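A.B. asks: Now for the letters of each chain:
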Amino acid sequence: MDRARDEQINRDLLRSVRETGWGWRIVVAISGMGLMAGVAAFAYQWQEGIGVWGLNRPVMWAFDITNFVFWIGISHAGTLISAILRVTGAGWRRPVTRCAEAITVFALMIGALFPIIHLGRPWVFYWLVPYPNERGLWPNFRSPLIWDFFAINAYLMGSLIYLYLPLIPDLALLRDTSRGLRKRIYSVLSAGWRGTALQWDRLEKAVRVMAVIIIPVAVSVHTIVSWDFAMAIQPMWHSTIFGPYFVAGAIFSGIAALIIAMAALRRVFHLENYLKPVHFNNLGLLLLTMSLIWFYFTFSEYLTTWYGNEPMEKAVFQSKISGPYSPLFFAMVACCFLIPAPMLAIKKLRTITGTVIASACVVVGMWIERFLIIVPTLSHPRLTFNWGSYKPTWVEIAIMTGSFSYFVLLYAVFVKMFPIVSVWEFKEGLASQTQPGPATDKKVFRAASGD
Amino acid sequence: MMNETEKTQKPQWAMAIDLDRCTGCEACVVACRIENNIAVVGPEESARDRSMNWIRIERYMEGEFPDVRVRFRPVLCQHCQEAPCEPVCPVYATYHTEEGLNAQVYNRCVGTRYCANNCPYSVRFFNFFDPQWPAPLEKSLNPEVSIRTRGVMEKCTFCIQRIRKGEEKARDEDRAVRDGDVIPACVGSCPTKAMYFGNIADSNSEVARLARSNRAERLMEDLGTEPRVIYLRKRDQA
Amino acid sequence: MHTKAGAFDKVNEATMAMNRLRMEGFTPKDITMMSSEPLPLDEDDEKSRSLIWLFSILGGILGGVGATLLTTLASKQMNLVTGGMPIVAPWAFGIIVFEMSALGAILAALGRMVYEARLLRRGVGAEYGSVVAQGKIVVAVDCADETRAQNAERVFASCGAEMI
Amino acid sequence: MRKLTAVISILFAATLTSGFMLFEAFSTSDGPRQPVEFDHWQHVSKEEGPQLECSTCHQYASASPNATIPSVSTCMVCHESINADSPEVKKLAAFAEREAEPPWVRVYWSEPSANVFFNHKPHIRAEIDCVACHGQVSQARRVKREVNHSMGWCIDCHSRKNASIDCYACHR
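Chains as they are written, first to last, in our numbering: chain A, 1 to 451; chain B, 1 to 238; chain C, 1 to 164; chain D, 1 to 172.
Hints listed in this document are in silico derivations from the structure and should not be mistaken for laboratory results. Owing to the predicted nature of the structure, the values given are computational and were not obtained by experimental measurement. A couple of the hints might just be wrong.
[Claimed, not checked] Okay, derived cross-link-like pairs now, DSSO-like style, lysine-lysine, Cα gap no bigger than 30 Å in a straight line:
1. K10(C) to K276(A)
2. K76(C) to K183(A)
3. K276(A) to K205(A)
4. K139(B) to K10(B)
5. K183(A) to K3(D)
6. K90(D) to K121(D)
7. K139(B) to K193(B)
8. K121(D) to K165(B)
9. K139(B) to K90(D)
10. K76(C) to K10(B)
11. K10(B) to K161(D)
12. K29(C) to K10(C)
13. K91(D) to K10(B)
14. K276(A) to K391(A)
15. K46(D) to K91(D)
16. K169(B) to K91(D)
17. K205(A) to K29(C)
18. K391(A) to K205(A)
19. K169(B) to K121(D)
20. K165(B) to K161(D)
21. K161(D) to K76(C)
22. K205(A) to K314(A)
23. K46(D) to K144(D)
24. K169(B) to K139(B)
25. K10(C) to K205(A)
26. K234(B) to K314(A)
27. K416(A) to K314(A)
This is chain A alone, in the form it adopts within the complex (with noise of 0.2 Å):
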């Protein structure tokens, strides 16, 4: 093995550890003040009872509900994302999937609150628990709450587990670089790994099943979301697409999430060695083909209820296309579609910075798709007697913006933990481009990482 190309990486990747930059502490300090306005305005909401928000008769969910399904969808950037490009053995994910596998797990960490802050009284939020009690009383199992309960849970679980195995071996390598509280720390998590031969054949075999077991629970969770809707008799809410259509959108805002994590912290750590043009321009396509999909998927949506024309469907269908929230509707269209499609099509434009100005449009046009999907059904009841509408007050902003800071925040803290890209997949990469003998070639080196 080369020593001096192996010192340059882990030097490089494990200064993000390391080092402390001042453009790290601002991250931090902002993003902890956003979220202690977030915690504010929900204490304020505790308090005072869920009226401080915009809901209202009959729009009982709004952005609270968006900001859930919106989480949970950014959350399938990465298990899902790493896990099918593990299992498909694409090299060129190497890099890649441990800043998509934390993403996972933060925006999922997030995505739970949200059904705990919307409740009307979050204190009783054990009771969808099943757990005995005195009262002999047990949540409902056929509520699709209760399925979300059991999915996210194992969904996190399985997150949590995914991200942590392949962390372990660079826990060790951290353990072994470091002294003091720092190595007691990296101790414990490293868990004793030795690096053994025995050791790296069951870590390998492990990360491989829970690889395949973690993609059907990753679609799963999603669809059970979309059920959420779907299992609601509204109109433009039972809908049998809903499923598959949100699995899709997840991994569309996913994936767009993942390029804006990964080009920050290029730019943040210097990592231009590790996440490289290739690796924006593959997550581009990957985008692009989410976008089409995307659009496809919700084109079939409204055609069919355009087409049906049934009234109530109708009613909120027109509000969306022609009503009140037509500037939304064509503001996800743009989003989604018509400015990420053509710029991700076009080779010249599938750059760092095209992708990260797309998948920031992605991102917008993601969460404006869930709000139109929630409010407009919603305040267009079959009663037509109790159409309403909805505006959201500061509360409710001041805890999204919350949600947002939480998630810069926690990403933050990780990498400052934790090296962000896997340093050895990234070095197994290298060696296993130069099969049978090791790695000693600078263009060889290129070639692994994606040049």
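Add chains B, C and D to chain A, keeping to what the hints say.
C.D. replies: Structure of chains B, C and D alone, referenced to chain A:
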């Protein structure tokens, strides 16, 4: 003496509303508020679509000016036999009773508001804040009905407190319930006697008779919700 | 009994040393090879005997059965009055069964992996960690007696190892 | 380090135990002090006493949701002459003179937030012994809460006696 089957068979409560008789006077709305301790949200909250009325008169205009007709339809919880609100509740706060009522247990409600979203009739009301009664309305609170707290859903119960009293009375007299035993607040207050309440399982009851009328219809029957509220179409539409 | 260890820069040197050690009469059990990245090695006996897949399937079944019991028994035990609505709903419960199966499979795979890879063992430290972290390959060998230790040292020296 | 942990955990355990014991000591003490020290035992169980039935005084239990506490005038039917010079009866007489009721302290109740609408009548009709829910009041000098009316406790009895366990049976 009533026989054993009559005793054990639970009454099936239902309501019939004659739209021909409804004048839209809203006496039922007021009576319901007073009977059921419904919070007064005030003008500001009301303007934000947060007013609570377990029963409301929906008013629809028909025709073009000057030939305009106004149609009134009192809408309350339809006590669906296949209620969309029930299966979606994660904690069984809303469920079905053996008397065909669609029950809402305030204590158990965690406030997901899913039931309200899934109710095609929009008859579920959420306590966005702790309920308030501007003085002296707090003196008129009914001790036989719960005071709801913030964060829970509420809706028409067919005046469950009156149902229980009526059943108790029938039991004391050792007979099955009959018309007149249970009169919910809205029914009792209707000046034109447009509303009827009774046991639809008893084929001799007024409600059962009206349900067989050729004017009888149920709201949004096509959804398969099987409501327990029967509307009698206006004769000019029948 | 004590352990001898050598550090190698190259994979083929390390594999050569391992082969020679075996010829010297050391069993695969005595020899441990440690590296900072997975190495392309020949299949050895221990490798093929992983039961992680089997355990994850068993864990999945366990989770599924557990979920079936939980949903069904909990619903029955509750004695809730439902006015004729179904209390046990296989279609809806299938979703929970699926999720719990997946969770069971994941946890079982993790547990089995930890066991098979001998993680979380007390007394097994990272003695050669700092050497491995430098990118070297460490071959450690348990020697029953002094002659064997000398043999091992000779093998290491002949293969260009740096003794630790 | 380890020593410190041990000390802290011992202290913690000690605090918990003593707190629990204190709580126990207080909670097993007598019930609340009443404005007139009414002694159930004397009226119900004492051999040379009047040996009253529960329903003699709590006369509406079988007919209404509330068992009802007798008014002072009911007490005075007997106590006009009997034991008229005992200090507690004198207190009672004073209330009667002012036509006021003693501000009895409630022993059994359910929190308003529990939304429970308990009705004595069907329970008496089902011949549930008063003791089942109120404990040995007949032996008590001063009544205290002996039975914990938790929801599980209610449901348990309801399902044993085949009574309704519909939520609407108690909650509305």
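A.B. asks: Please go over all the hints and tell whether each is borne out by the structure.
C.D. replies: Here's how the hints hold up against the structure:
1. K10(C) to K276(A): 28 Å, holds
2. K76(C) to K183(A): 52 Å, violated
3. K276(A) to K205(A): This hinted pair holds, its Cα atoms lying about 28 Å apart.
4. K139(B) to K10(B): 35 Å, violated
5. K183(A) to K3(D): 23 Å, holds
6. K90(D) to K121(D): It is violated: about 34 Å lies between the C-alpha atoms, which goes past 30 Å.
7. K139(B) to K193(B): Holds: K139(B) and K193(B) sit about 29 Å apart, inside 30 Å.
8. K121(D) to K165(B): Answer holds: K121(D) to K165(B) is near 12 Å, not above 30 Å.
9. K139(B) to K90(D): Violated, because 36 Å separates the two Cα atoms, which is more than 30 Å.
10. K76(C) to K10(B): Satisfied, since the Cα-Cα distance of roughly 22 Å is no more than 30 Å.
11. K10(B) to K161(D): Given pair K10(B), K161(D) holds - Cα atoms ~18 Å apart, limit 30 Å.
12. K29(C) to K10(C): Given pair K29(C), K10(C) holds - Cα atoms ~22 Å apart, limit 30 Å.
13. K91(D) to K10(B): 51 Å, violated
14. K276(A) to K391(A): At roughly 43 Å apart (the allowed maximum being 30 Å), K391(A) and K276(A) break the hint.
15. K46(D) to K91(D): 22 Å, holds
16. K169(B) to K91(D): Roughly 40 Å between the alpha carbons, so the hint for K169(B) and K91(D) is violated.
17. K205(A) to K29(C): 21 Å, holds
18. K391(A) to K205(A): Roughly 51 Å between the alpha carbons, so the hint for K391(A) and K205(A) is violated.
19. K169(B) to K121(D): With a Cα-Cα distance of about 12 Å, the restraint between K169(B) and K121(D) holds, given a limit of 30 Å.
20. K165(B) to K161(D): 22 Å, holds
21. K161(D) to K76(C): 19 Å, holds
22. K205(A) to K314(A): Roughly 52 Å separates the two Cα atoms, so the pair is violated.
23. K46(D) to K144(D): Roughly 19 Å between the alpha carbons, so the hint for K46(D) and K144(D) holds.
24. K169(B) to K139(B): 27 Å, holds
25. K10(C) to K205(A): 25 Å, holds
26. K234(B) to K314(A): 28 Å, holds
27. K416(A) to K314(A): Violated - the C-alpha atoms of K314(A) and K416(A) are around 51 Å apart, more than 30 Å.
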